[in-house]
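Chains as they are written, first to last, in the numbering used here: chain A, 271 to 384; chain B, 18 to 130.
Keep in mind that the hints were calculated from the coordinates and are not lab data. Just so it is clear, CB atoms sit at the ideal spot from N, CA and C, and this is done for glycine as well. There's no promise every hint is true.
Stated by the list, open to error - Partner residues are not named here, just some residues of chain A that face chain B (Cβ under 8 Å, in silico): (1) 310; (2) 330; (3) 331.
Said to hold, decoys possible - A short list of chain B residues far from chain A (calculated; beta carbon distances all over 10 Å): (4) 26; (5) 41; (6) 67; (7) 98; (8) 100; (9) 103; (10) 108; (11) 112; (12) 116; (13) 127.
Unchecked claim - These stretches of chain A come out as covered by chain B in the derived footprint (C-beta under 8 Å, 3 or more residues): (14) 277 to 284; (15) 311 to 319; (16) 346 to 352.
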Amino acid sequence: NAGVTQTPKFQVLKTGQSMTLQCAQDMNHEYMSWYRQDPGMGLRLIHYSVGAGITDQGEVPNGYNVSRSTTEDFPLRLLSAAPSQTSVYFCASSYSPASSYEQYFGPGTRLTVT
Amino acid sequence: AQKVTQAQTEISVVEKEDVTLDCVYETRDTTYYLFWYKQPPSGELVFLIRRNSFDEQNEISGRYSWNFQKSTSSFNFTITASQVVDSAVYFCALSEAGNQFYFGTGTSLTVIP
């Protein structure tokens, strides 16, 4: 199993540009989530999904969109990038309910918005 | 207010010393779950332990041990006889409703050889 994969690993955007961070898992996990990690802030939940077609907001959802059309994929879209979205983004997955299982994290995407 | 507080931002110990990482949480739920994750310098996040609110039994796994005390809302993590490979950032996390997770700000541990 590849586990949780994320692409790209690094990305530089200009303010106002849009892009999609890709996340895929091959463990047939129902639960998937996106976090951002900022210095001194820990990890903060952006959006999560408990299954295909079901998504919900986390702690810091503004500026981000998600969709879950398949069990395997959970892309994160930045519609109009802002410097405040400079961060490291982690995708994670687990069986559901997520609290009963460990989360598997992807390697992260380092995003810089100039 | 922070749901998970890790007051120790950075800790340095000399190899073979014991070290305890503190975690204090806040919740009104009776059912909740607590986690510890490790993030080594390479950047990946590694699951260490999960504990539910009904199980206050302490746990030991090799050099690692966890002390869960509901009375003080704490879930502390102790590394015995620390090694250089233990150098990492350690995160404590809380889950209340099963799908939302709250992470602390992390404790950066440096083990000096």
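Handout entry: Claimed clearance of chain A by residue 67 (chain B), with the beta carbon kept past 10 Å
Key = The assertion about residue 67 (chain B) is violated, with a minimum of 6 Å to chain A.
Exercise for the section: Taking the shortest Cβ-to-Cβ distance between residue 100 (chain B) and chain A, state whether it exceeds 10 Å. Expected result: For residue 100 (chain B), whose nearest Cβ neighbour in chain A is about 23 Å away, the distance exceeds 10 Å, so it holds.
Exercise for the section: Report holds if the minimum CB distance from residue 112 (chain B) to chain A is greater than 10 Å, and violated otherwise. Expected result: 4 Å, violated
Practice task
Classify the hint on residue 310 (chain A) as holds or violated, based on whether any CB of chain B lies nearer than 8 Å to its CB.
Solution key: 6 Å, holds
Handout entry: Closest CB of chain A to the CB of residue 127 (chain B) still more than 10 Å away
Key = Answer for residue 127 (chain B): holds, closest chain A Cβ roughly 16 Å.
Practice task
Please settle this one: residue 108 (chain B) was flagged as non-interface, so is its CB more than 10 Å from every CB on chain A?
Solution key: Its Cβ does come within 10 Å of chain A, the nearest being 6 Å, so this is violated.
Practice task
Confirm or reject the coverage of the stretch 311 to 319 of chain A by chain B under the rule of 3 or more residues with a beta carbon closer than 8 Å to the chain's beta carbons.
Solution key: holds (count 6)
Practice task
Check the non-interface label on residue 116 (chain B): least C-beta distance to chain A beyond 10 Å or not.
Solution key: Given a closest Cβ separation of 6 Å, the condition is violated.
Problem - Satisfaction of the residue 330 (chain A) interface hint, Cβ to chain B closer than 8 Å - result: 12 Å, violated
Problem - Verdict on chain B covering the stretch 277 to 284 of chain A, where coverage means 3 or more residues with a C-beta closer than 8 Å - result: violated (count 0)
Exercise for the section: Double-check residue 331 (chain A) for me: the hint is only fine if its C-beta lies closer than 8 Å to a C-beta in chain B. Expected result: Hint on residue 331 (chain A): violated, closest Cβ of chain B at ~12 Å, above 8 Å.
Practice task
Report holds if the minimum CB distance from residue 98 (chain B) to chain A is greater than 10 Å, and violated otherwise.
Solution key: 25 Å, holds
Consistency note: the structure conflicts with the earlier hints numbered 2, 3, 4, 6, 10, 11, 12, 14, 16.
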